[in-house]
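> Chains as they are written, first to last, in the numbering used here: chain A, 1 to 366; chain B, 367 to 650.
Hints are not guaranteed to be accurate.
Unchecked claim - In silico contact screen, one side only, chain B against chain A (beta carbon under 10 Å); selected entries: (1) 538; (2) 539; (3) 542; (4) 544; (5) 548; (6) 550; (7) 554; (8) 558; (9) 562; (10) 565; (11) 609; (12) 610.
Said to hold, decoys possible - Now the in silico label distances, taken between C-beta atoms and shown as ranges: (13) B:553 - A:132: 23 to 33 Å; (14) A:132 - B:418: 51 to 61 Å; (15) A:105 - B:465: 21 to 31 Å; (16) B:385 - A:105: 52 to 62 Å; (17) A:23 - B:454: 42 to 52 Å; (18) A:29 - B:633: 54 to 64 Å; (19) A:63 - B:633: 27 to 37 Å; (20) B:581 - A:122: 28 to 38 Å; (21) A:12 - B:465: 39 to 49 Å; (22) B:397 - A:136: 36 to 46 Å.
Hints are computed from structural coordinates only; laboratory data are not their basis.
C-beta atoms are modelled at their ideal positions from N, C-alpha and C, and glycine is treated no differently.
The lines below spell out each chain.
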Amino acid sequence: MAQVNLRKLVKNYDETPAVRGIDLDIPDKEFVVLVGPSGCGKTTTLRMIAGLEDITDGEVVIGEDVVNDVPPKDRNIAMVFQNYALYPHMTVHENMSFGLRLKKVPKEEINSRVDNAARILGLVDLLNRKPKQLSGGQRQRVAMGRAIVRDPKVFLFDEPLSNLDAKLRVQMRTEIKKIHQKVRTTTVYVTHDQVEAMTLADRVVVMNAGRIEQVGAPNELYHSPKTQFVAGFIGSPAMNMIPCQLEQAANGLSLTLNGSIRFEISPERTSRYKGHVGSRTLLAGLRPEHLIEQRPHLEPGQQAFEAAPEVVEPMGNETLVFFPVNGADVCARVDPGCGARPGAPLKLVADLRHLHLIDSATGRVL
Amino acid sequence: MKGERKRALYWSYFFLILFAVFFLTPPLYMLITSLKSSAEIGAVTNPWWVYNPTLDNYKALLTSESYLTFFRNSAMVSVIVVIVTMLISIPAAFALARMKFWGSTTLATGVFLTYLIPETLLFIPLFKIFAWFNDTFDISLMNHWWVLVIIYPTLTVPFCTWIMIGYFASIPKELDEAALIDGAGYFQMLIKIFIPVALPGIIAATIFAFTVSWADFLYPMAFTTSADQMVLPAGIVTTLIKGDVYAWGQIMGACLLGAMPPLLIYAFLMDYYIAGLTAGATKG
């Protein structure tokens with residue numbers, strides 16, 4: 001077990017930068033998820049930790065040692081690949097024990113470690129099968145087993161669930177979490193799926209264009225995003241970002257969404273927002289669940305308005321309502337029983353306690 | 367849809383039968399001729415029928431010292447050439463497919479280009495090299511069966527390397543990365559992962575190398591002269607054609623017998639060749 005530290009990590013492919021100076025400290029036993037869109041540098045970062053990619057600049061530290069020039073096999077890591085990368089000519093048992101056999105670990109110990117991992121992963125009956133006789137989920141479990149038996153300092157996962165169907169993905173996600181709770185090995189997990197990131201991680205690292213946008217616990221990222229990118233990336237359906245104007249009113253500040261709906265800004269936010277009155281680059285960030293159907297009593301911070309739904313998507317437990325605000329598409333999450341219909345006016349409530357005012361010029365949340 | 371499929375099948379059978387007839391007629395004719403006596407071959411009768419079948423030609427061949435020597439030489443040359451070719455081609459293809467180094471792509475293309483130079487252009491320069499070798503080191507490379515073991519790889523190594531580069535490149539890169547992380551060095555990766563996984567490609571290359579070294583005619587004709595050093599293709603024409611006397615029955619029989627080993631190897635290895643061994647390695 002060990003901590004992992006990345007110090008000013010840079011990777012350039014020829015002249016193209018892929019990772020532009022990353023600083024990240026991952027304490028022992030933590031489950032960290034690197035998440036971001038394709039090409040954000042998350043996989044490259046992981047591969048640099050693994051030693052599969054040369055480091056252009058900066059340092060990777062595993063435990064106490066700088067491992068920049070240490071080959072992958074001596075870093076004491078284990079990696080699970082997106083496409084499993086099982087050895088097709090070996091049985092499950094041989095696949096899992098390959099690394100140990102190379103290290104000349106005694107046979108009894110190999111068998112006991114493989115059996116133990118097989119028990120954790122539910123692979124006991126499959127040990128003599130070849131990979132082609134296994135389903136996708138089973139193959140992925142074998143790939144994890146191969147990592148577990150080596151008892152590494154760090155687990156690296158490179159989008160391990162991307163090749164599985166939706167149902168299996170949810171199931172395996174829970175299993176990975178369970179395994180981490182049992183094995184407690186420092187884990188770095190790469191995914192482009194923010195739901196996976198949120199559900200698995202102790203801390204989520206959101207990356208964009210080779211840089212870290214924000215690091216934090218899942219709920220922290222969700223409720224207090226620091227940048228426009230994080231606000232838009234985390235959460236599904238994505239946060240509504242509506243162009244808005246901030247104005248000085250008689251009793252404080254007021255916010256007008258796209259020249260149409262007008263809200264008052266609560267006094268405790270006034271001082272924070274004051275300097276941006278009149279700015280033309282502001283966006284009001286409101287998550288769909290903070291735009292709900294009107295209820296008999298408004299809570300403090302909630303303000304009512306009327307919407308004209310264009311599309312209504314029933315999801316069973318909730319209904320998504322899409323309506324325009326002067327041309328900007330906005331999504332609200334309402335109760336299925338509130339009778340939302342396309343074309344019929346609907347009374348909604350905005351919970352402004354969860355408003356994120358974003359300056360699109362700087363990309364920062366104010 | 368069903369009718370369309372049926373029509374496609376009819377056409378494929380039509381062409382398959384056409385090709386089978388086209389390619390099987392010469393061996394059939396060889397078989398018929400090999401079962402005839404010289405007198406019957408010379409007589410004006412239906413050439414597609416054997417009136418007095420005889421195994422005399424085969425008896426003569428299988429009791430002839432020189433024919434068995436040709437056979438043995440051919441077998442030795444082919445087996446050794448296959449081994450030498452694989453020992454060179456597999457590591458070369460592995461290096462060119464996997465270890466990205468400066469100029470590796472150009473080198474891979476270069477390897478293939480050398481294969482495109484026909485042997486008819488090469489045997490004269492090779493002659494000169496042998497002569498120089500003889501003058502310089504006083505070692506004669508002419509007229510030894512084993513010299514073919516040195517020459518044939520110039521034909522087999524480039525082509526085998528080329529087809530194996532293609533095959534190795536099709537093996538998912540994650541497989542070697544997984545092996546690297548599991549603690550394998552490049553050599554272990556080659557032996558324990560690449561060779562087993564790439565077996566179909568290696569078998570294809572083996573079949574090719576064996577066929578080339580078994581059937582090549584020009585080099586043994588040019589570089590071996592005495593009967594005890596010859597391989598089959600050269601031996602058959604030099605010993606069974608005396609002046610303008612052609613022992614047709616024996617020539618045909620000798621060629622048919624000579625075609626057996628490659629045929630057996632094809633039959634034996636084809637199953638392995640077709641089976642895709644990478645199934646199950648990755649998603650798919």
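> For the hint on residue 544 of chain B, just tell me whether its beta-carbon gets within less than 10 Å of chain A.
Status holds, d = 4 Å.
> Check the following: the C-beta atoms of residue 29 of chain A and residue 633 of chain B are separated by a distance inside 54 to 64 Å.
holds (59 Å)
> Range first: 51 to 61 Å. Now tell me if the beta carbons of residue 132 of chain A and residue 418 of chain B are that far apart.
holds (57 Å)
> Just to be careful: measuring from the Cβ of residue 558 of chain B to every Cβ in chain A, is the smallest value less than 10 Å?
holds (8 Å)
> Measuring from beta carbon to beta carbon, are residue 581 of chain B and residue 122 of chain A in 28 to 38 Å?
violated (55 Å)
> Closer than 10 Å between Cβ atoms is the bar; does residue 562 of chain B clear it against chain A? Give me holds or violated.
Holds: closest Cβ of chain A sits about 4 Å from residue 562 of chain B, inside 10 Å.
> When you take the CB atoms of residue 397 of chain B and residue 136 of chain A, is the distance between them in 36 to 46 Å?
violated (53 Å)
> Evaluate the given range 23 to 33 Å for the C-beta pair formed by residue 553 of chain B and residue 132 of chain A.
holds (27 Å)
> Taking the least C-beta to C-beta distance, is residue 548 of chain B closer than 10 Å to chain A?
holds (4 Å)
> Given the range 52 to 62 Å, decide if the beta-carbon distance of residue 385 of chain B to residue 105 of chain A lies inside it.
holds (56 Å)
> Would the hint on residue 565 of chain B stand, with a C-beta cut-off of 10 Å toward chain A?
Holds, about 8 Å.
> Was the hint right that residue 610 of chain B lines chain A, CB cutoff 10 Å?
violated (58 Å)
This entry does not satisfy hints 11, 12, 19, 20, 21, 22, going by the numbered hints stated previously.
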